[in-house]
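Residue numbers (UniProt numbering), protein chains in the order written: chain A, 1 to 961; chain B, 1 to 961.
A couple of the hints might just be wrong.
Copies of the same chain are indistinguishable here, so a pair counts whether it falls within one copy or spans any two.
Said to hold, decoys possible - Here are the computed lysine to aspartate or glutamate pairs in the DMTMM-like style, where the Cα-Cα straight-line distance is at most 25 Å:
#, residue 1, residue 2
1, K459, D289
2, K283, D328
3, K102, D73
4, K446, E395
5, K455, D289
6, K747, E542
7, K713, E539
8, K514, E899
9, K446, D290
10, K664, E539
11, K446, D289
12, K455, D295
13, K202, D166
14, K346, E96
15, K455, D913
16, K346, D467
17, K446, D284
18, K417, E107
19, K459, D492
20, K560, D828
Read the hints as simulated data drawn from the structure, not as lab findings.
Number of protein chains: 2
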Amino acid sequence: MTMLSKMITLKYFQQSCNQGEADKLNVHIVPHTHDDVGWLKTVDQYYYGANSSIAWAGVQYILDTVVQQLSVDPTRRFIYVEVAFFSRWWREQNTEVQQEVKRLVQEGTRGSKTSCRLEFILGGWSMNDEAATHYNAIIDQMTLGLRFLNDTFGPCARPRVAWQIDPFGHSREQASLFAQMGFDGLFFGRLDYQDKETREMKLKMEEIWRGSQSLHHPEADLFTGCFYAVLTQLWLYGNLKVACVINTCVFLMKIKHTKSHTQRVNENGYNPPAGFCFDAYCKDDPIMDDPTLEDNNVKQKVDDFISAAHKQAKHFRTNHIMMTMGSDFQYSNAKAWFKNLDKLMKYVNSAVRYKNCFFLWSVKSDDFFPYADAPHQFWTGYFTSRPGLKGYVRESNKYLQVCNQLETVAHLRSGMKSNLRTSKSNVLRAAMGVAQHHDAVSGTSKQHVANDYAKHKLKSGGRHCKDVISSVITEGSSNLTFCDYMNITLCDFTQNSNRFTAVVYNPLARAVSKYIRIPVDCTPSYIFVVIELLVPVSEATESVRRNRGNANCELVFLAKLPALGYNSFSSSATNKRLFTPKGKVVNPSDDITISNEFYSVNFNRNSGLMDSIVNIESGIKIPVHQDMLWYNGSMGNNASKQQSGAYIFRPNSSTPFHCSNDGKVKLSVLTGSNPLVQEVYQKFSDWAYQVVRLYKGIKHIEVEWTVGPIPVKDQWGKEVISRYETNIDSNGYFYTDANGREVLERKKNYRPTWKLNQTEPVAGNYYPVNSRIYIRDAHVQLTVLTDRSQGGSSLSSGALELMVHRRLLGEDSKGVAEPLNETGQFGDGLITRGKHWLLLDTVTSSAKQHRLLGEEAFMSPLVMFGGATPPALVQQSFIVNPLPPNIHLLTLATTNSGELLVRLEHQFAKHDDDVLSQPVTVSLKGLIKNFEVKIVDELLLGGNALKNTINRLQWQSSERI
Amino acid sequence: MTMLSKMITLKYFQQSCNQGEADKLNVHIVPHTHDDVGWLKTVDQYYYGANSSIAWAGVQYILDTVVQQLSVDPTRRFIYVEVAFFSRWWREQNTEVQQEVKRLVQEGTRGSKTSCRLEFILGGWSMNDEAATHYNAIIDQMTLGLRFLNDTFGPCARPRVAWQIDPFGHSREQASLFAQMGFDGLFFGRLDYQDKETREMKLKMEEIWRGSQSLHHPEADLFTGCFYAVLTQLWLYGNLKVACVINTCVFLMKIKHTKSHTQRVNENGYNPPAGFCFDAYCKDDPIMDDPTLEDNNVKQKVDDFISAAHKQAKHFRTNHIMMTMGSDFQYSNAKAWFKNLDKLMKYVNSAVRYKNCFFLWSVKSDDFFPYADAPHQFWTGYFTSRPGLKGYVRESNKYLQVCNQLETVAHLRSGMKSNLRTSKSNVLRAAMGVAQHHDAVSGTSKQHVANDYAKHKLKSGGRHCKDVISSVITEGSSNLTFCDYMNITLCDFTQNSNRFTAVVYNPLARAVSKYIRIPVDCTPSYIFVVIELLVPVSEATESVRRNRGNANCELVFLAKLPALGYNSFSSSATNKRLFTPKGKVVNPSDDITISNEFYSVNFNRNSGLMDSIVNIESGIKIPVHQDMLWYNGSMGNNASKQQSGAYIFRPNSSTPFHCSNDGKVKLSVLTGSNPLVQEVYQKFSDWAYQVVRLYKGIKHIEVEWTVGPIPVKDQWGKEVISRYETNIDSNGYFYTDANGREVLERKKNYRPTWKLNQTEPVAGNYYPVNSRIYIRDAHVQLTVLTDRSQGGSSLSSGALELMVHRRLLGEDSKGVAEPLNETGQFGDGLITRGKHWLLLDTVTSSAKQHRLLGEEAFMSPLVMFGGATPPALVQQSFIVNPLPPNIHLLTLATTNSGELLVRLEHQFAKHDDDVLSQPVTVSLKGLIKNFEVKIVDELLLGGNALKNTINRLQWQSSERI
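Only chain A is shown next, with the shape it has when bound in the complex (with noise of 0.2 Å):
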């Protein structure tokens, strides 16, 4: 030991390309922060450092002092990446400190041998959640992000790493994302405790991972290194400085496991070593070194700081390793890290004779969930956690879009001479990057910080948004009113209107026609223009709306709806009504069955659940037995302490409760024919309904659920689930979605790259749906679709589940110190409505089904209200040539520059569909409308960089040789 304690050299991560001291043991040193951008106090009470009687946490002191201390001393380095917070911070300083800040960040260009002074990582505006997030607003947050930190200190200051330390799981899509968003890393602290400790035998904690089945390899490749911890200590990865890295010279290492005899902690593995956290609010002492001291504490410093580099160091094939020195919001006094830092390296000074670096590294292809930490403890209730919030997301994602696209064209009508530009749409844009946060949308915050994402953050971005909507479709001359609680048949205008005008926007730059529902009186004194229907509302309805508004029927009509444009459906005054309400709900006295032009759906009169259903054009034919159930969350037993809680789904059996008592669901239809719609519901107790529509023309069975409140009084916490059961031979396969994108094979009780010793039998096979979930077998497949992120599995052949709301009263101890129990605005528990659509049919048509009726729920229409006069324009479509059903229009948006940001998608996937999968051709000339293209630029996916500027990292994979 005292001959190694002379060969170590300890640094800030510093130079690029320096290959370090090849005979030595070179130790990096990253000063690091982790800013949750809201979880156990909102984003601004933790910016500011408010409500410390939670924590104290406040970011503002962390850049106030970081930065500080890095002027004061060249050799300082530290990286940040949370532009949420960097932002806000960089507005409130002055001219000198945000020149001082540039010098920081610009000391260290790629040409330099030094590594910028401040760093930015990740660079996003959160670092998001990947379980719980749609693509889309991962890549509008990453955006969002990486544009400011551009626009502010050019490309030096461009993340070469993606960053995701805290996450509870990790997506392939995420993976390919960064890849297109020109990351040559990427390092994360959480995955599988399994997983793990089969890398670390297999040195496998490192290594290319392969984001996407369809693009080219190395599209989406990208270096990943997973972080190692045993305690609160072990290593880290290998080498962070890639983030400054251009050329491709790669020394990222391999790591290497000694088993432990110490109690293993799968705890996150960014800390630094034990007994070297230097933070002000940190226990362990700092260094002491008054040579007259009797406290003096140099030499047991040096000692173990040693002998913690050096038994990390046994797990790395190189002479290189890191230590992230930083935690939770750390770095607030800046100095007390800094100071014993630089005393640790003027006390180690010398370093090891090690081996040399490794090039070749194996490649993954699956992704990194779901997660647990320890056995039992499966990280998969957040994939349904607080279902309010997010539906509220994903409806807050379309209004982001619409706003982009709006601005847009108010930008262009204006000759892009527009001052405003972004700034509307840039406070629900924020609220969105926020949202995306893994406490945020993940559903794992505190209710209160919950309450703030959703009534502050998000409701006062959309009412920006809902400003741009309204005042370009009218061009100014008036109002339109939106009804954020049409879901639940709720809206003040139209229940309350003799006359009005539905303005239906559609954000798909393809045309759609799809049914449109609006709350009426059931006996108005107008007609509107299209066939309509008035539905009297269900008993469902009457429940969530708890006798908040008046109107007894759903106005139901078919709107035809242009590419990117809006059509308008007005009233005419009448005194005569052409459809009088003709639904009408009674108990069946056969088993029912409704149907339209594709599909055929029955239900069973004695059990009142579904049946079967027939695909009408295919044929097919089979038992579709649905039914919604409750597992009973666990307070913790014998095996494991563990309790369900916001983060953890362990159910306390497997087999899960009838939500109905006695088992025996009450069904009723809507009776009478009519043109339109078929609705058959389903009460399966007071606080657990259904409705399954069939509507004309429309190639999906629509189910709409409600549950809630859910009864906690008898003390146990319930999560509801809606399972499907059928006899398609999946045998335990199942498919689910990355982030709303690409589709990944899922199997019962089974890992692709690692042996599974299966803990939970049914939270352990629970995987992230945010768009669908589907099982097949040879010929039929059964595709769900879903309004929002949830939970989903097939514990058995056939049998498919998604879990849709969640209440608990236990508190699963993973710091959110809750219990995930949301009891509403009314106090006895929240009630939640959503959406699944349901395909059945062969597995080679149902790709396109399911790809074409995702984007359209997706991006569904808006509907917006007006007096009795449309606008001048009734219709209006802001593109010229509507694009192909294989390209979706992700983005059309104006930068703060003043360009045009777009994003086309070409939305198949590789082996999707025959015909759709195929490449296409869309000309950008004459796309939007009063637009001419003079200059087109391609970007990196995160729009920050010019993709020919661009050169990733080439890794060398295994696979090649």
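Given the coordinates of chain A, work out where chain B should sit on it, guided by the hints.
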């Protein structure tokens, strides 16, 4: 309120003599930190921020970050107090930082209009305790700090304001010393709650404190303000700007108290107003000024602050108020404080029309003891807490003085060319500086901190000083041995020597004869060259030695010692003894009387207690009944939950218990006639002993008490006292010294300046005794001198008592969070031994005796040992002309820069003695050998400035009008 809110000016304390804006309320913001040099953690742990499971507090970061924050904004101000911390931090800084700090201190020299950006207040090594400290040590510790500031920053840095914000009661002597050190004002936080209320009502929160009854006014007058606090809030005081004032512009103000309806909490008033604690470890919300925020609290904060300022201003007569923004160990992340203070000042920006100045002050001549912060909560326990530590501090003071003297001798011998100068003594000087802290010698730190003070700091300092002493006396020829446990007859060197030399050094500047007692074997093979006696060790000594020593006898002889010099006493080999052991302890059969030329003391054979004393010369014979008793420390009762603890003395009953179980004391006596000493041995119990001695030629009675381990198996905490009961008609009056210097009159259940509502008949009458306590009537005075600081009182006419030891099981909830339960190195409880010296004489002749005896006791001879051969010079005096008895050589030391620092003190108070209280002339010429006076400068008491360069502020007192 709205109008008011527009008329407030808020600024950092700033302009020295700016009267502010006459028609506005000027709120002076004083950012400060209060840094205990040891309390819950050791001084080193506080400095570094170690041991943070107790508290994170790290002073290094306070100074680091405050300096940085001051640097970046020239409008910011900060005050700093404790030089023990500052000087240490200073040494660690590089030249660049040191230059920056100099700039911060000097920007604001007194010619300019702004005060120092970094201003030193108090400037002592520590903020010393005022009850348990000796004035010699106070002066030394202040000198150490003040001279550091002067040496480092020059005269501008001289603190003008003393800042005793935390000590638990305040001594008049301290005020006198401060005045003599050139301070203009003093501010503190803790005074009796009733006193404070009275002062608030009578507008006497600020007064002229007349610190001395002997010095001419205004030499010891000091402007004194006490802090005001309601809840965590209310006012604070007038104006700190005196700190950088030089001329006589005076605008400190009186305070008027309006009764508040809120519950008054008499806590320390140096905190910020409620809601405005912006420290990194405070819970108050910061100022959140983002205009887009839901949480924006600017309006609320501004309103709250204006309201607080307005409330506070009501209690002041002028338009200036101060707010002390800071508290214990705050500003470790100075950015947090300053950032929010800057914002606060930005947002509160106009002022209130207010009244003009008021210039007349009332005068106070007593002190602020005892301190109670609420009924039943008298901070009088710490007068005695940790008697072992208190004794060690007193002993260490002597070592430091001797060290100073002999370092000076060496310096002079070397022709003032010595390079070492004070380097050796600096260690003990600093240790003693720290030991004066108000949680150090006070006995109110945690046990591990008390251990650090004693076992690390003082012990290490003592070791260095012993080197100096040994080296100077032997002129480097040999090493002398020091025995630290001679008081319990332990000294390996003498116990195991066949022959040795005792070198006895007298630190007084006049010759003395003192009896010396040396642990030896009872049958030595040598004789001394003086009249000697062998006394067998007592049972008490056996008890306290616990088998650690094998000396069976004490060798007693009278050492005649030259002024400021030593004599050595060598043994000669012999096989015949002149004085074989004559002492033999037997039980008395009759009442026992011992006597010498001056006193006769009688003991009752039945009770075993002292019974009467005769002063043979004066013919006074009175009954003196002495006993050892103990109060049971309260664990709280119905009247109050207050427990007795390190700070608080609260007996469960006013009637103490006898230390002797059966009320009978085992009495024995040293039999046989001998020419030197008569001794009576009293055993009160297994843990309480006394020896009463009369030495030939010595005019006082010595009472050596040995107490411990105090038994607590009965779960009763015990506070042990020695009580004297006489027939002196003292009628409730008694007299105690202030820090060992002047004497104050006390009266039972009475306070000179306010009407007392007494809640604790015993504890509420306790006062600090540093050196002496006496009672008297028209003729007779009984004086008891102590060897360390203790609490004392007179609870009935003719009685006086001193608390000598205490051991408690409860905790007094004043912050230290440990019971005062010293278990000692054997784990069963600490044994403490000490001495009381009794004088019984006429009132008129008592002062002469207790002044001289006090001086001799305080600076008793230092005994060292060498081999059989004495030093080259057997005897030597370093002084040419001994000083007259009324002049005490308080300091003879060498400064860091090589000058001699001499303090000569007239040690008699104005009316002490007809002869000795007269002024006396001393020639400095030839005061010390090898010393020729070239230039003499008269300095302030702290030695940090020429006296004639200083014009203290002149205060107008109401008495003069």
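Against the structure, the hints come out as follows:
1. K459 / D289: between (54 Å within a copy, 21 Å between copies)
2. K283 / D328: For K283 and D328, the Cα distance is within 25 Å both inside one copy (14 Å) and across copies (19 Å).
3. K102 / D73: both (16 Å within a copy, 20 Å between copies)
4. K446 / E395: For K446 and E395, the Cα distance is within 25 Å only inside one copy (22 Å; across copies 59 Å).
5. K455 / D289: Intra 51 Å, inter 20 Å, cutoff 25 Å: inter-copy only.
6. K747 / E542: Classified as neither; 40 Å inside a copy, 83 Å across copies.
7. K713 / E539: Cα proximity of K713 and E539: one copy only (23 Å, versus 75 Å across).
8. K514 / E899: Answer is neither; intra-copy 32 Å and inter-copy 99 Å both fail.
9. K446 / D290: Classified as between: cross-chain Cα gap 23 Å, same-chain 44 Å, threshold 25 Å.
10. K664 / E539: within (17 Å within a copy, 94 Å between copies)
11. K446 / D289: between (42 Å within a copy, 24 Å between copies)
12. K455 / D295: Between copies only: 13 Å across chains, 52 Å inside a chain, cut-off 25 Å.
13. K202 / D166: within (24 Å within a copy, 62 Å between copies)
14. K346 / E96: Answer is between: at 19 Å across copies they meet the 25 Å cutoff, but 31 Å inside does not.
15. K455 / D913: neither (42 Å within a copy, 83 Å between copies)
16. K346 / D467: Intra 58 Å, inter 34 Å, cutoff 25 Å: neither.
17. K446 / D284: Close across copies (20 Å), not inside one copy (29 Å); limit 25 Å.
18. K417 / E107: Intra 36 Å, inter 52 Å, cutoff 25 Å: neither.
19. K459 / D492: Within one copy, since 18 Å is at most 25 Å while 83 Å is not.
20. K560 / D828: neither (41 Å within a copy, 93 Å between copies)
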